[in-house]
Amino acid sequence: MKFNRKNITIGENVKFGKNIRIGDNSTIYDNVKIGDDSVICNDCVIGEPLSEYYTDINYKNQRTTIGNNAFIRSHSLIYAQVEAGNHFSTGHRVTIREDTLFGDNCRVGTLSDIQGKVSFGNYCWLHSNVHIGQNSTIGDFVFIYPYVVFTNDPHPPSNVCTGPTIGDYTQIAVGSILLPGIQVGENCLIGANAVVTSDIEDYSVVIGNPAKYKCDIRDIPSQENNTMHYPWMHNFSRGMPWENVGYDNWLKNQHG
Amino acid sequence: MKFNRKNITIGENVKFGKNIRIGDNSTIYDNVKIGDDSVICNDCVIGEPLSEYYTDINYKNQRTTIGNNAFIRSHSLIYAQVEAGNHFSTGHRVTIREDTLFGDNCRVGTLSDIQGKVSFGNYCWLHSNVHIGQNSTIGDFVFIYPYVVFTNDPHPPSNVCTGPTIGDYTQIAVGSILLPGIQVGENCLIGANAVVTSDIEDYSVVIGNPAKYKCDIRDIPSQENNTMHYPWMHNFSRGMPWENVGYDNWLKNQHG
Amino acid sequence: MKFNRKNITIGENVKFGKNIRIGDNSTIYDNVKIGDDSVICNDCVIGEPLSEYYTDINYKNQRTTIGNNAFIRSHSLIYAQVEAGNHFSTGHRVTIREDTLFGDNCRVGTLSDIQGKVSFGNYCWLHSNVHIGQNSTIGDFVFIYPYVVFTNDPHPPSNVCTGPTIGDYTQIAVGSILLPGIQVGENCLIGANAVVTSDIEDYSVVIGNPAKYKCDIRDIPSQENNTMHYPWMHNFSRGMPWENVGYDNWLKNQHG
Numbered sequence: 001m002k003f004n005r006k007n008i009t010i011g012e013n014v015k016f017g018k019n020i021r022i023g024d025n026s027t028i029y030d031n032v033k034i035g036d037d038s039v040i041c042n043d044c045v046i047g048e049p050l051s052e053y054y055t056d057i058n059y060k061n062q063r064t065t066i067g068n069n070a071f072i073r074s075h076s077l078i079y080a081q082v083e084a085g086n087h088f089s090t091g092h093r094v095t096i097r098e099d100t101l102f103g104d105n106c107r108v109g110t111l112s113d114i115q116g117k118v119s120f121g122n123y124c125w126l127h128s129n130v131h132i133g134q135n136s137t138i139g140d141f142v143f144i145y146p147y148v149v150f151t152n153d154p155h156p157p158s159n160v161c162t163g164p165t166i167g168d169y170t171q172i173a174v175g176s177i178l179l180p181g182i183q184v185g186e187n188c189l190i191g192a193n194a195v196v197t198s199d200i201e202d203y204s205v206v207i208g209n210p211a212k213y214k215c216d217i218r219d220i221p222s223q224e225n226n227t228m229h230y231p232w233m234h235n236f237s238r239g240m241p242w243e244n245v246g247y248d249n250w251l252k253n254q255h256g
Numbered sequence: 001m002k003f004n005r006k007n008i009t010i011g012e013n014v015k016f017g018k019n020i021r022i023g024d025n026s027t028i029y030d031n032v033k034i035g036d037d038s039v040i041c042n043d044c045v046i047g048e049p050l051s052e053y054y055t056d057i058n059y060k061n062q063r064t065t066i067g068n069n070a071f072i073r074s075h076s077l078i079y080a081q082v083e084a085g086n087h088f089s090t091g092h093r094v095t096i097r098e099d100t101l102f103g104d105n106c107r108v109g110t111l112s113d114i115q116g117k118v119s120f121g122n123y124c125w126l127h128s129n130v131h132i133g134q135n136s137t138i139g140d141f142v143f144i145y146p147y148v149v150f151t152n153d154p155h156p157p158s159n160v161c162t163g164p165t166i167g168d169y170t171q172i173a174v175g176s177i178l179l180p181g182i183q184v185g186e187n188c189l190i191g192a193n194a195v196v197t198s199d200i201e202d203y204s205v206v207i208g209n210p211a212k213y214k215c216d217i218r219d220i221p222s223q224e225n226n227t228m229h230y231p232w233m234h235n236f237s238r239g240m241p242w243e244n245v246g247y248d249n250w251l252k253n254q255h256g
Numbered sequence: 001m002k003f004n005r006k007n008i009t010i011g012e013n014v015k016f017g018k019n020i021r022i023g024d025n026s027t028i029y030d031n032v033k034i035g036d037d038s039v040i041c042n043d044c045v046i047g048e049p050l051s052e053y054y055t056d057i058n059y060k061n062q063r064t065t066i067g068n069n070a071f072i073r074s075h076s077l078i079y080a081q082v083e084a085g086n087h088f089s090t091g092h093r094v095t096i097r098e099d100t101l102f103g104d105n106c107r108v109g110t111l112s113d114i115q116g117k118v119s120f121g122n123y124c125w126l127h128s129n130v131h132i133g134q135n136s137t138i139g140d141f142v143f144i145y146p147y148v149v150f151t152n153d154p155h156p157p158s159n160v161c162t163g164p165t166i167g168d169y170t171q172i173a174v175g176s177i178l179l180p181g182i183q184v185g186e187n188c189l190i191g192a193n194a195v196v197t198s199d200i201e202d203y204s205v206v207i208g209n210p211a212k213y214k215c216d217i218r219d220i221p222s223q224e225n226n227t228m229h230y231p232w233m234h235n236f237s238r239g240m241p242w243e244n245v246g247y248d249n250w251l252k253n254q255h256g
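Protein chains in written order, with this note's numbering: chain A, 1 to 256; chain B, 1 to 256; chain C, 1 to 256.
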């Protein structure tokens, strides 16, 4: 019942790869490029024009690029000047503003709101209702859970706009808030509802408001087996590039 | 101006009761059943196919059931395999994933996001922007306030997925977070922004991060009269089955 | 590509000013008035009927008024009986319920949810995903950041419904929760994730759960220059009426 090509609007200079499916009532604006084997579900908008569109009669949409094998769920709204790698997927009703860059295999959950000028590495998984402020930088394999907020203004309102920076493999649990300009290391765990007010070193677990160091992440036992749970890459592989070979083997191959 | 039957899409084997109104631009997928006297407002989706729809050409939508007297506000998205009892109502833009079960007289507020594999009793009222993770179990007469999050992974990311369990009559105030597998008793009050990290006994009030026991709920005086406010059923009846008879009389009749 | 006048529905007694643009798939219900030079983007609803519409065949939509130079982004839903001044703007997917009053130059961010019976002064800026409960009163130049929640029921559920009151120039940082009936003074700063449980005097900075007084706002140095940052009106002018003249000069002219 989907993909009837009913009420679809396609702009100029739109480039579709092979085997693309576009849902009903979706709009693809000018200068959008979508890779092979991608699905854009119903009621989506790709390449939403910037606000200058409304005031500048010479406005031209800049390039928007979605890679191969994308899966964009209904009511997602992706602005122009977003660039997403391969295997990009979204939940419903996501909003992604301009000048956002995603590596490969990123996921953005239902209702998440990316404010633009944000850079994500590969395999970043954002669950539902994540809010990422402008000028944030996120590494590879970073998972961000519901209702996390990245901020960027240290003394609101001001003219400073500096988002957090997050290292590879770090996990940011539900409801936590990262204050502007914070540097979070690799392999950290930010606890539920934490307010992170200062930089965090690699392998740290922090909790509370303001967030305080609780322990080394490598000291947390697994609830599934007799190992330590972290670094989690040894205990979790679903959807990861090491899913069939194990993390150590994958890592070895990465470094050649 | 609503209910012009404009741009409505109805799948196969859809069963409508008597006196059903379907808003413009709404889609009802295969194998949906909606009871008598129900209203589906504009731009809704009922019976949204699971993700296998996109990859399996033999995919068939399983049964979705909405009871009598439903009132589904605009832009609500309800997946296949949801079962809701009578007098079910939603706010705008709710998302309800598959394998979710609602008793009678449940309400789900604007922007709430039910992740699926969740069971609600009767008279559960979820206000705006509530997030319920998979494998949660909620009793009868449980009210959940805005920005509450139910989680299910104790050491993210892992393969464990165990949601909270909530007893009858419990109230969960704004912004609180329930950690995975937590058992909350009956007639509890979880304070605003609490992080519940351990089980809670009946009649407990807990606050803070981590949540700590504050008092017995029966020791909180009413702001409306000279009684104790809780158990709240003696002081609040709007929309409840005891609205015209009082809680004690209603309860007596329940037990025959 | 926008403004094709495709699938637009306009009710009775709708009054448009000069130079109005209405996006595709938008619906304007009965008795809506929109001022000059306003833009309503795609998929918006203005003047959404109250719930009596569904049950009362004599229901009539009361007046909804949007001033001049409005900019309403896509998928915004504004109920009947909302009154907004000039230069009103919204993000995407906002929900504004009936009996809400905005002064001039207010902004409501993406996904924000105003529950109705709320009064905003001039130059209130709500960022993304703000939730304002019924019976709240907000002064002028109040900025509210993402995931802030205003509550109104002190002992849920009860029949009491008393929202917070916020003084002019106050800043309410991300994720904070204001409990029912709280009075917040002018020129305050409520810290990230604070839970405000008691009244707050002018010029106070409060943090934590429950929120405690931290310092006088006038003791916070700027990160941009050698002055104190607050009152912020001396250090921030973008979009403010004193943008070209400075706050002191503007204030002098105000008092004439």
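A portion of the hints provided could be inaccurate.
You can't tell identical chains apart in this list, so a pair holds if it fits in one copy or across any two.
[To be verified] Derived DMTMM-like pairs (lysine to aspartate or glutamate); straight-line CA-CA distance at most 25 Å:
(1) Lys6 x Asp30
(2) Lys2 x Asp30
(3) Lys212 x Asp199
(4) Lys33 x Asp216
(5) Lys252 x Asp104
(6) Lys6 x Glu52
(7) Lys18 x Asp248
(8) Lys6 x Asp168
(9) Lys6 x Asp248
(10) Lys18 x Asp56
(11) Lys18 x Asp216
(12) Lys2 x Asp168
(13) Lys60 x Asp104
(14) Lys60 x Asp248
(15) Lys60 x Glu98
(16) Lys18 x Glu186
(17) Lys6 x Asp37
(18) Lys6 x Asp56
(19) Lys117 x Glu224
(20) Lys33 x Glu186
(21) Lys2 x Asp56
(22) Lys2 x Glu12
Keep in mind the hints are simulated off the structure, nothing from the lab.
- Of the numbered hints stated previously, which ones are contradicted by the structure, given in increasing order? Structure breaks hints 4, 7, 8, 9, 11, 12, 13, 14, 16 and 20.
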